[in-house]
Amino acid sequence: MKILEIQHLNKSYGSTKALSDISLSISKGRIFGVLGPNGAGKTTLIRIINQIIDPDSGIILFKNQPLKREHIINIGYLPEERGLYKKMKVWDQLIYFARLKGLSANEAQYKVDNWLNRMEIAHWKHKRIDDLSKGMAQKIQFISAVLHEPELLILDEPFSGFDPVNAELIKNEILALRERGVTLLLSTHRMESVELLCDEIAMFNKSEKILSGHLYDVKTQFRTNKFELKIKGFMAESIPPGWELISKTEVDTFCVPLQEEGSNGLLHKAMELGEVVGLKEILPSMEEIFIQQVKKHENG
Amino acid sequence: MDKVWLVIKREYLSRVQKKSFLLATLLTPLIFPAIMGFFLWIALDDVDRPYLSIIEVVDENNFFFIESSEQYAFSFSNTSFEDAKRMVREGERFGLIYIPTLDISNPKGITYYSNSTPSMGLTSFIEGSLKRRIEEQKLYEAGIDPDILDAYRTKVNLQTVTLDFSGEEKIADATVNYALGFLAGIMIYIFIFIYGNQIMQGVIEEKSSRIIEILVSSIRPFQLMLGKIIGIGAVGLTQFLIWIILIGTLSTFVIGYLGLQMPQQQLMEMGSAELNQQLPTNSSLYQAIQVIQNINFFQLILTFIFYFLGGYLLYGALFAAIGAAIDAPSEAQQFMLPITIPLLIAYLGLFIFVLDDPNSKASFWLSIIPFTSPIAMMGRASYGIPFSDLLLSMSLLVIGFIFSTWIAGKIYRIGILIHGTKINYKTIWKWLKSA
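Sequences listed follow chains E and F, in order.
The working numbering puts the first sequence at residues 1 to 300.
The working numbering puts the second sequence at residues 1 to 435.
Quick caveat, the hints were computed from the structure, so don't treat them as lab data.
All C-beta atoms, glycine included, are put in the ideal place defined by N, C-alpha and C.
Be aware that one or more of the hints could be misleading.
Taking lysine-lysine pairs in the DSSO-like style, the calculated list, with each CA pair at most 27 Å apart, reads [said to hold, decoys possible]:
1) K127/E to K87/E
2) K9/F to K86/E
3) K296/E to K219/E
4) K9/F to K206/E
Over the 10 Å line for every Cβ pair with chain E, so calculated as not near, a few chain F residues [what the hints assert, rightly or not]:
5) Y12
6) S14
7) L250
8) T340
9) I402
Per the computed footprint, the stretches of chain E lying under chain F, defined by three or more beta-carbons under 8 Å from a beta-carbon of chain F, are [unchecked claim]:
10) 76-90
11) 95-103
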């Protein structure tokens, strides 16, 4: 089931195009990554989904219905640039955000209480934000995005600004949320950071979507048919033609292009040369795919 | 609408619960009665002084007489000039008037000696008394009967009465209307600036700390702006109400404490009645009280609250728009002109035209145009205004603040999401057209 369908979305700021003819669909319960460099249109897309700004044209369907103000309660948002009211107490602030999303007073109290306990920070309740450390404030920020338990959670650059401990915590929370059926939309320009999390991705460059699909499909689409082969006690006198020695220690690592023999054939061949410790297909990183794709795009 | 209410509540509570709010709200009204009490204390001290200041008069002509007043007693005890001087030096006498032998057609050489510089009131009192005596003498010498002289002394005191539709006659005193119009106008002027600035600061806080991004993903920017303006306005209104109540009770208390155990109004009436008998020239105070009693305070207060809120809403929206367009308060200067110029015109107009002549053409226009009417109309309101003028001005003000809120909403909506770009009037004009 698709939780979000975007069709032919366009948005310009004056003469600058921010989004040109973008279509996307996001499946329920998945982690969807929107990747691209700064200025590619990611934040514009996110703002449109959050109904902060209106598109010039295009359709957005949320659970098969045109996106409306009522859907706000079903969407959570952690913006790239984060902020809280410095003089407000943790409790008051979270209640305020929850109520603005549309929760009743009772629901808001119950949920805020829950989240504070879950993150083991219930004792901060009556502290003001400017009395908290940056890392502490980041936790509050994350809670503010998820506490109304949205069906769709949008995280813009989720790991930027978080310290490593919190980043790990957020990552675990993201995975936990997916377990509970929440759909996540992550946006980042640091492609390696979400590579391991995303089920599906869409790549943006200069207002256009240049690539999209399941992460594995995208990667295999760009496979170079090269394998990484690790052999212990390499015995052959010379390295077979085409093989490339990457590192030579106790275990030698080779980069091997796959030929007609297939991966099993390669393995047979390798077994004669020594003890095979590992065989792994070398898939391009998202970054490499992106660069390749941009080049292709710009050359027509 | 629920969400606007949430914003109003937050803006209101977060300010009202601050210590600085509590301090400003409680201390400001303490200052007024303190000042009032201080002056009253001095005034009462003068009147109730247990001893009179005795001024020795050494008159070589044995001709002059100065009637003693409440504060000064004049002693004519034929002391020698040297003795009298010594008495002043030693503090036995407050002062000494030396009148050498005079030619009354050309009185010269009258001198006042004392340890301290005499007050203006005292010198003019002495001069007046001496002059009157000389004039009377001259008239007498010219052969005029002293009885005729007594009858000749008159005092004219112009009483002004306004006639209204109902045929009721009211004693008018421009001074009281002037003071009321002045106070009300200034209060609105100050209120707009103080609380308008708070709106702007609030918007900048949300914008620069990026809370805005979270807020506008939950609530429409226009609702957020409206909630902020109303919430801060409610803070101002609360503060003013507390002030009025506190100033009222404290003033009564202070006056009561000074040994006059009666309500303020009664005290003033009593005081003025007494003064009236003693000093006929001072009857304007009595008149002022009558004027105050004649003013329709209920109507005046309602008018005040209307223009107070109307003016605040009109300019508050503009302050919000400015806050949205800039990144830091220091950048506000370039956009403040559209706010300060009309407010300054209204403020100066209040003094130059409205209070001076509430019925002039300039006063009329200043009190009709929404940008100046909140301040200018208060100058007219205390004098009483035709109902048609009031209705026209109020309707225009309502239209005015709806318009300014609409304009501000457009600027606000775009401005709050723009960071780090230099904004000028041209860009704002573009926003207005694009939205």
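For each hint, the structure was consulted:
no.	hint	result
1	K127/E to K87/E	holds, 9 Å
2	K9/F to K86/E	holds, 17 Å
3	K296/E to K219/E	holds, 16 Å
4	K9/F to K206/E	violated, 42 Å
5	Y12	holds, 13 Å
6	S14	violated, 7 Å
7	L250	holds, 31 Å
8	T340	holds, 29 Å
9	I402	holds, 23 Å
10	76-90	holds (count 10)
11	95-103	holds (count 6)
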